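> The listed protein sequences derive, respectively, from chains V and A. Under the working numbering, the first residue of the first sequence is numbered 1, with each subsequent residue one higher. Under the working numbering, the first residue of the second sequence is numbered 1, with each subsequent residue one higher.
Everything labelled a hint here was simulated from the structure, so no lab data went into it. Just so you know, these numbers come straight off a predicted model, no measurement behind them. Be a bit skeptical, because a hint or two may be false.
Identical copies look the same in the list; a pair holds intra-copy or inter-copy alike.
[Claimed, not checked] Taking lysine-lysine pairs in the BS3-like style, the calculated list, with each CA pair at most 25 Å apart, reads:
| no. | residue 1 | residue 2 |
| --- | --- | --- |
| 1 | 122 | 21 |
| 2 | 122 | 153 |
| 3 | 193 | 153 |
| 4 | 44 | 153 |
| 5 | 122 | 75 |
| 6 | 75 | 193 |
| 7 | 80 | 187 |
| 8 | 193 | 122 |
| 9 | 44 | 80 |
| 10 | 44 | 2 |
| 11 | 193 | 80 |
| 12 | 44 | 187 |
| 13 | 80 | 153 |
| 14 | 21 | 187 |
| 15 | 187 | 75 |
Protein chains: 2
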Amino acid sequence: MKFFNSFGPNPAIVRIFMAEKGIELESQEVDLMAGENRQEAHLKRNPSGQMPALEMDNGNYVSEVTAIMEYLDEKFPDEKGLIGNTPEERAETRMWTRKIDLLICEPLANGGRCGPMYEIFKTRMPVDQSLAEGLTNWGNHYMNWLDDQMEGKTYICGDRFSMADILFFGWMNFMGSLGGGIMPEQKNLTAWKERMAARPSAEA
Amino acid sequence: MKFFNSFGPNPAIVRIFMAEKGIELESQEVDLMAGENRQEAHLKRNPSGQMPALEMDNGNYVSEVTAIMEYLDEKFPDEKGLIGNTPEERAETRMWTRKIDLLICEPLANGGRCGPMYEIFKTRMPVDQSLAEGLTNWGNHYMNWLDDQMEGKTYICGDRFSMADILFFGWMNFMGSLGGGIMPEQKNLTAWKERMAARPSAEA
Chain V
1 MKFFNSFGPN
11 PAIVRIFMAE
21 KGIELESQEV
31 DLMAGENRQE
41 AHLKRNPSGQ
51 MPALEMDNGN
61 YVSEVTAIME
71 YLDEKFPDEK
81 GLIGNTPEER
91 AETRMWTRKI
101 DLLICEPLAN
111 GGRCGPMYEI
121 FKTRMPVDQS
131 LAEGLTNWGN
141 HYMNWLDDQM
151 EGKTYICGDR
161 FSMADILFFG
171 WMNFMGSLGG
181 GIMPEQKNLT
191 AWKERMAARP
201 SAEA
Chain A
1 MKFFNSFGPN
11 PAIVRIFMAE
21 KGIELESQEV
31 DLMAGENRQE
41 AHLKRNPSGQ
51 MPALEMDNGN
61 YVSEVTAIME
71 YLDEKFPDEK
81 GLIGNTPEER
91 AETRMWTRKI
101 DLLICEPLAN
111 GGRCGPMYEI
121 FKTRMPVDQS
131 LAEGLTNWGN
141 HYMNWLDDQM
151 EGKTYICGDR
161 FSMADILFFG
171 WMNFMGSLGG
181 GIMPEQKNLT
191 AWKERMAARP
201 SAEA
């Protein structure tokens with residue numbers, strides 16, 4: 001296997017997942033800022049031109065962080081249960097992962113791509129500056145909802161640390177570094193992010 | 001197990017998946033048009049108030065169609081491989097499912113919720129009419145991209161029929177019934193939709 005890595009939140013999500021599981025893979029850097037991921041060599045690895053990608057054991061490539069993490073969990077089984085150790089735990093992890101993807105991370109990410117990051121993305125994705133504010137508001141609405149959902153919970157799946165935490169932390173850590181993401185008044189999410197940042201994997 | 005069903009594309013996706021696998025479950029109707037899914041009884045099943053939901057074997061609930069389909073595939077194993085029969089096949093299915101979710105279905109669905117369906121959704125989701133056109137354009141951009149990707153392929157994962165086809169067909173069948181979705185000039189997707197509509201599961 002070979003991991004195609006770059007700057008940005010999505011590669012970091014997979015690196016954190018690998019650090020939690022103790023997986024080390026051969027890796028190759030792709031120059032995201034220079035747009036290398038939008039050129040032919042990388043489009044053969046990932047037809048939507050995004051980062052990261054993984055060359056699998058059969059020589060084919062897989063992209064999309066959730067698909068990569070599920071694959072790595074199948075190929076490197078352990079008792080940590082980052083996807084879950086029972087069908088019901090896996091269902092809960094996948095449920096929260098998709099809610100966070102669709103309701104929060106994707107609107108906020110696309111709001112950023114259409115707004116402060118427009119110049120970087122204008123030749124890469126169908127960004128439209130008129131969407132920036134509305135998509136950011138959409139994501140923030142559900143961030144407040146998630147803050148309420150986190151009342152009394154240590155991790156997104158309750159007491160159980162999972163892929164859902166890793167996906168959300170990867171995005172919130174990146175957005176926080178740009179001055180966005182979780183707001184101080186979101187007390188539950190702020191405390192959750194501090195717990196996540198204290199894990200050694202946060203440096204991956 | 002008990003399936004909480006309603007009008008709309010997402011419950012149809014799970015019904016098609018169950019029909020393909022020959023699963024029959026006890027079900028209960030939730031009145032989506034009357035907003036029953038946004039009331040307390042359903043919010044206990046699904047805190048984001050969407051449809052469908054599934055009561056699992058341990059009495060907990062799971063929502064999000066991809067999580068429900070993965071759970072049903074684990075609980076009713078067969079050789080059909082709708083998620084995939086190997087780690088590499090599952091990775092491919094999950095990759096395409098997420099690309100279709102994030103790049104096409106979610107922008108088009110939210111474009112519709114902010115546009116023609118604004119009156120239905122204005123008390124349900126943080127809809128913003130200024131997003132309708134831009135989100136629809138975003139989804140259509142990637143629909144053209146997917147049409148190119150489908151050149152020479154029977155199903156989204158090549159020769160292999162999967163959850164990715166079911167997810168995309170559920171949305172395209174619904175949007176087509178409202179005059180949207182796949183356009184005739186998208187020849188590969190048009191032919192794919194005809195193949196999907198000819199399967200007995202399409203009536204589920």
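> If a hint holds in the structure, say so; if it does not, say that too.
Going through the hints against the structure:
1. Within a single copy, residue 122 and residue 21 get their C-alpha atoms no closer than 36 Å, and across copies no closer than 43 Å, so neither meets the 25 Å cut-off.
2. Proximity of residue 122 and residue 153 under a CA criterion of 25 Å is satisfied in neither setting, with 39 Å inside one chain copy and 30 Å between copies.
3. Within a single copy, residue 193 and residue 153 get their C-alpha atoms as close as 12 Å, which meets the 25 Å cut-off; across copies the closest is 43 Å, which misses it.
4. In the homo-oligomer, the alpha carbons of residue 44 and residue 153 lie at most 25 Å apart only across protomers (16 Å), although the nearest pairing inside one protomer, at 42 Å, exceeds that limit.
5. In this assembly of identical chains, residue 122 and residue 75 lie within 25 Å of each other by CA distance neither inside one copy nor across copies; the values are 37 Å within and 45 Å between.
6. When the C-alpha separation of residue 75 and residue 193 is checked against a cutoff of 25 Å, the pair qualifies neither within a copy, at 29 Å, nor between copies, at 34 Å.
7. Proximity of residue 80 and residue 187 under a CA criterion of 25 Å is satisfied in neither setting, with 27 Å inside one chain copy and 46 Å between copies.
8. With identical chains, the CA atoms of residue 193 and residue 122 are never at most 25 Å apart, being 31 Å at best within one copy and 31 Å at best between copies.
9. Taking the shortest Cα distances, residue 44 and residue 80 never come within 25 Å of each other, neither inside one copy (33 Å) nor across copies (28 Å).
10. In the homo-oligomer, the alpha carbons of residue 44 and residue 2 lie at most 25 Å apart inside one protomer (14 Å), although the nearest pairing across protomers, at 42 Å, exceeds that limit.
11. Only within a single protomer do residue 193 and residue 80 lie at most 25 Å apart by alpha-carbon distance; the minimum there is 20 Å, versus 41 Å between protomers.
12. In this assembly of identical chains, residue 44 and residue 187 lie within 25 Å of each other by CA distance solely across copies; the values are 23 Å between and 43 Å within a copy.
13. Taking the closest pair of Cα atoms, residue 80 and residue 153 come within 25 Å of each other only inside a single copy of the chain (19 Å); across copies the shortest separation is 38 Å, beyond that limit.
14. Proximity of residue 21 to residue 187 under the C-alpha cut-off of 25 Å is found in neither arrangement, the shortest distances being 29 Å within a copy and 44 Å between copies.
15. For a Cα distance limit of 25 Å, the shortest separation of residue 187 from residue 75 qualifies neither inside one copy, at 37 Å, nor across copies, at 38 Å.
The earlier numbered hints that this structure contradicts are 1, 2, 5, 6, 7, 8, 9, 14 and 15.
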